[in-house]
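Here the protein sequences line up with chains A, B and C, keeping their order.
Residue 276 in my numbering sits at position 276 of the first sequence; the count goes up by one each step and never skips.
Residue 143 in my numbering sits at position 143 of the second sequence; the count goes up by one each step and never skips.
Residue 71 in my numbering sits at position 71 of the third sequence; the count goes up by one each step and never skips.
Note that these hints are calculated values from the structure, not bench results.
Among these hints, one or two may not hold up.
[As the list claims (entries may be wrong)] List time: in silico DMTMM-like cross-link candidates among lysine to aspartate or glutamate, alpha-carbon distance up to 25 Å:
{"#": "1", "chain 1": "C", "residue 1": "373", "chain 2": "C", "residue 2": "459"}
{"#": "2", "chain 1": "A", "residue 1": "43", "chain 2": "B", "residue 2": "126"}
{"#": "3", "chain 1": "C", "residue 1": "573", "chain 2": "A", "residue 2": "6"}
{"#": "4", "chain 1": "B", "residue 1": "66", "chain 2": "C", "residue 2": "582"}
{"#": "5", "chain 1": "C", "residue 1": "573", "chain 2": "A", "residue 2": "179"}
{"#": "6", "chain 1": "C", "residue 1": "379", "chain 2": "C", "residue 2": "310"}
{"#": "7", "chain 1": "A", "residue 1": "239", "chain 2": "A", "residue 2": "6"}
{"#": "8", "chain 1": "B", "residue 1": "12", "chain 2": "B", "residue 2": "126"}
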Amino acid sequence: MTIVIDALQYLGYVLIFPGFLFCFLAGMLLCGIDRKLVAKMQKRVGPPILQPFYDFFKLCGKETIIPAAAERNTFMLSPLVGLAALVVIQLFIPVFGFTAFSGIGDIIVILYLLLVPALAMILGGAASGSPYAGVGLSREMVTIISCELPLVLVLLAVAKTVGGAIGTGLCFSLSQIAEYQEVNGSLITKISMLPAAAAMLLLIPGETGSHPFDAAEAETEICEGLLAEYSGAPLGVFKLSHAVKMLSLTSLFVALFLGGLGTGILALDAVLLFLLCALITAASISFVHAFTARLKIEQIFKYYWTVVSLLAAVSLALAWYGL
Amino acid sequence: MFKRLIAERTGKSPWLFHINAGSCNGCDIELVSVLTPRYDAERLGFKLAGSPRHADIVVVTGPVTKQSLPRVLRAISQVPEPRCIVTMGSCPQSGNVFRGSYSIAGPLSKYVPVDVDVAGCAPKPEAIIDGLTLAAKILKEKRGRMN
Amino acid sequence: MNMLGNILSYQHFPIYAIMALFLGSFLIAAFGEKRSVRNILALLSVTAALGFILALMKPVVFHGEIISYWMGAREPAGGYAIGIALEVDALSFFFALLVAVAVFVSGVYSIQYMNRDDNEKEYYTLYLLLCGGVMGMVLSGDLFNMFIMVEILTFAAVALTAFRNTVRGAVEAAFKYLVVGCMGSTCILVGTAILYAQTHTLNLAQLAQLAPGDVNTATRLAFALLFVGFGTKAFIVPFHPLAADAHGAAPASVSVIISGVLTKSGIYGIIRICYFLFQSMGLGAMQFLLVFIGSLSMFVCVTMALAQHDFKRLLAFHSISQIGYVLTAVGLCTALGVSAGLYHAINHTLFKGLLFLAAGAVLHETGTTDLNKLGGLAKKMPHTTALFMVGAFSISGVPPFNGFASKWMIYQASYQKAVESGNIGFLLVTIIALITSVLTLASFVKVSHSVFFGQLPPELANVKEVSWGMRSAMGIFALLCIITGLFPNLVTAYLTEPAAAAVFNVKNYIEAMGFDGSAAVQLEAGGFQHAGVWDPVSWLLVLCIALLAITIVAVAGKYGNVSRCRAPAVENKYQLFYGGEEQEFSQLGGEDLFWGFKHNWRGYFKFMHRLHSGVVNDYALWAVVDLALVTLFSLIVL
Chain A
1 MTIVIDALQY
11 LGYVLIFPGF
21 LFCFLAGMLL
31 CGIDRKLVAK
41 MQKRVGPPIL
51 QPFYDFFKLC
61 GKETIIPAAA
71 ERNTFMLSPL
81 VGLAALVVIQ
91 LFIPVFGFTA
101 FSGIGDIIVI
111 LYLLLVPALA
121 MILGGAASGS
131 PYAGVGLSRE
141 MVTIISCELP
151 LVLVLLAVAK
161 TVGGAIGTGL
171 CFSLSQIAEY
181 QEVNGSLITK
191 ISMLPAAAAM
201 LLLIPGETGS
211 HPFDAAEAET
221 EICEGLLAEY
231 SGAPLGVFKL
241 SHAVKMLSLT
251 SLFVALFLGG
261 LGTGILALDA
271 VLLFLLCALI
281 TAASISFVHA
291 FTARLKIEQI
301 FKYYWTVVSL
311 LAAVSLALAW
321 YGL
Chain B
1 MFKRLIAERT
11 GKSPWLFHIN
21 AGSCNGCDIE
31 LVSVLTPRYD
41 AERLGFKLAG
51 SPRHADIVVV
61 TGPVTKQSLP
71 RVLRAISQVP
81 EPRCIVTMGS
91 CPQSGNVFRG
101 SYSIAGPLSK
111 YVPVDVDVAG
121 CAPKPEAIID
131 GLTLAAKILK
141 EKRGRMN
Chain C
1 MNMLGNILSY
11 QHFPIYAIMA
21 LFLGSFLIAA
31 FGEKRSVRNI
41 LALLSVTAAL
51 GFILALMKPV
61 VFHGEIISYW
71 MGAREPAGGY
81 AIGIALEVDA
91 LSFFFALLVA
101 VAVFVSGVYS
111 IQYMNRDDNE
121 KEYYTLYLLL
131 CGGVMGMVLS
141 GDLFNMFIMV
151 EILTFAAVAL
161 TAFRNTVRGA
171 VEAAFKYLVV
181 GCMGSTCILV
191 GTAILYAQTH
201 TLNLAQLAQL
211 APGDVNTATR
221 LAFALLFVGF
231 GTKAFIVPFH
241 PLAADAHGAA
251 PASVSVIISG
261 VLTKSGIYGI
271 IRICYFLFQS
281 MGLGAMQFLL
291 VFIGSLSMFV
301 CVTMALAQHD
311 FKRLLAFHSI
321 SQIGYVLTAV
331 GLCTALGVSA
341 GLYHAINHTL
351 FKGLLFLAAG
361 AVLHETGTTD
371 LNKLGGLAKK
381 MPHTTALFMV
391 GAFSISGVPP
401 FNGFASKWMI
411 YQASYQKAVE
421 SGNIGFLLVT
431 IIALITSVLT
441 LASFVKVSHS
451 VFFGQLPPEL
461 ANVKEVSWGM
471 RSAMGIFALL
481 CIITGLFPNL
491 VTAYLTEPAA
501 AAVFNVKNYI
511 EAMGFDGSAA
521 VQLEAGGFQH
531 AGVWDPVSWL
541 LVLCIALLAI
551 TIVAVAGKYG
561 NVSRCRAPAV
571 ENKYQLFYGG
581 EEQEFSQLGG
591 EDLFWGFKHN
601 WRGYFKFMHR
611 LHSGVVNDYA
621 LWAVVDLALV
631 TLFSLIVL
């Protein structure tokens, strides 16, 4: 009997909160808020906050054309796999004190799982056979490489700080990081973590492929790159994935640096998490979007491997010497 | 429920694909002005898409020269259903001052069914927005007919 | 009856496994004119070798026994080993199992892969000779015997590299391999001779007993010579260019052996000399040596791979890069590190074998491995593509495939080492390993785009899927990749941890041969607990549920509402979007991909390009320089 209840509970985690349904609603809302904010900053009225939902449902109602040159199965399946991987990431990220699945994956797993949606998009794009997708693929991969070094440094810095404090030397487990913050307050209050938090804020637009780091999907020069041949529902799923990725990264930021703010009541925590995510989206994605122009791909690489990596490395060095 | 959601929302997020079929660039500039802070068509959900596969509304400017005709038709055929075709400016409708030239194949309506014509040389942004919203309505109807 | 029982006792199985391969080789040379006879003999001998090794699992792994076997029953006399010995502890067994599996799968694959070549008889003779050499080397309990086997495998590998001598560069590659390989073998011989002069024995166990107590300038020199000698066999930096040339020219089934097995024999040799013969004298310095060379191999080779545009050369560089992971992890000298390194060694054999076989399948069907000339094969060879993707995901460490499981352990081991020792160098190693991993992913994205996805070049329109025999060989590897990825606990419990425990228990190794092991240095293995968690089965379950839910919603939402071209002539609607132009063939060449990355590193790539001149004199010079540096290091620091 308890097994059935457990199974239902876990199914609930996967399907409703913090899984599929939450990802869908919160991600889309974040995306809508982002678009509205950018419009406001540019003195426009902007689309309704629910615009991403409209876009998604419209795309679901469109015809899906599979080009003759495409490899059909990969082309159709990769959007779904990418989205599923993102939902799974969300399950591992703690919502303050609560983690849906704490015994399965740690930070390193998250680091690799974050590659999977991008990989799904790359393979889907490559399978379409479009030359624009070829260019987009190249840029997307370079963006991933660019973000990887600073992200690794940030995660190692956090692992060292928390591990050093709880006495195990290092700590890769996200739920332990959340527990530590429940007891000792948010990590962002530590001086050594400030540069890491700043680096992470700068990383979020790169990881999600938002402006100005969207060279991979530049619609004006390479016709949206990897997505050039996608239409209808698969395109909608990719747009949804983009929105969910915003949620994943911002909630990862909350889990790493803003833990310990939770109230203990799950429903309130969920709302709080969403509000914090929206705040971080506003700060790191919308704000940067509104006043920058798209960077060239080699500039993206240079920027992440110098400025952002340096910030993260400073943080790691401070954590290393126990400050 | 799902079907109704889709049908209701189709008119609220029309994405544009812009084809220049030999235009003098006047209309093209006007189309861009529609997306600027002053007129902000994005408040109605309009967005410029980079690829015809993403588009709902094809906006054609220019008198459709013989050189551009096959390309225009190919790009239009690559737009998934339901789709709307909007001609912008007088050129694709009548040929305008280029009418009778050896290099003109237009008007566009000879080759594909055109849903909305926005006349003017160049049309005012207000007129463009009006035409596009009309196209969005037609789009919704077309979507309704698909089921 | 008693005699039969005696013959079938598992004590004899190691020598049977070696003999099965050598005997197969000789029999094929003598009677292998007919194809059917040849194939049956080859299959029989690889199957027999696999069977004998698997049968050893019970005594060696489950009972923790160390099999010592004196050839011709020549037991030691007067305290000195006179006869030739085989000694199989969990470490030897571990490597022998890798050899047996790779040899078996590659043998199955060869039968259809080589059917368009001449001289198949010579191929199988050399192939089994190579396999027998590697098997003999990892099971040997005698340093000089190891050298003999190294010689056999080197010459067989050289001959097989030049086997397709009509391929451009094959003879040149074989020549380079011959020159530098012989320098390596000579180093091993001289090192062995010096040790023999110092200790008057060649038996590994007895050497392990005597050598550490007797570390002087001569034995230090011997260490440097042996280290460099086995380094050439593992192709670690600075010997990596040889691997690239050899793999580029050799048949794919041989590449599997060279990359999956021969390099492992080099790693095996390094583990034996570092941890057994010298019991890691001057532990910190030894760690530095192994980890430094390992990280260097890891990083240099992955960047070299990004610059390649030949499928097999690219795989060759990755092969060394992954060997770098193994060496780094083993060099950490902790129980977790050694276990992680050995785990990665298994995985490397499996996924690299799979990738080489996939490359061979592409070569077999299209006649080229040039990334700039291929593309779109996924539509023509769907199974090969799927199998290749399993290998590509494994090597780039995408969960839940096996590469991730072992890399995850390696990061933990190196980071833990960094935290425990307070040495920031190990932290750098963790970061390099993580970056190497993402660069590996980039490299395989490049391959999958330029070989299997993208557009099909018009001249490849008639390509067909490869035969079932070749697909099933790849299937075995793919299945093993998935199994070892999904059940890391089983792999570590039954394969890598016993082997790692053997590394930290030199005393047993010495005493199993009847020598006094009381003086052996017991290395501190250190207990370990994982700092994180990774549970692939549950993860996969969650992913499947999520995927299922999404798929159901998608199907309900008319995800399948697709229209696709059914007519042979492609209508406008189904053409790719080319800014309105008619569809034409245009594939981004594999060479030019990721220029945004390469542009920022142009200085580095230019430097590397100059270094890898392709001239055998230069590579011989590198070998000499490497030997000089390691000698200096071992004389001064170690």
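Any hints this thing doesn't respect? Which numbers, in order? Violated hints: 3, 5 and 7; rest satisfied.
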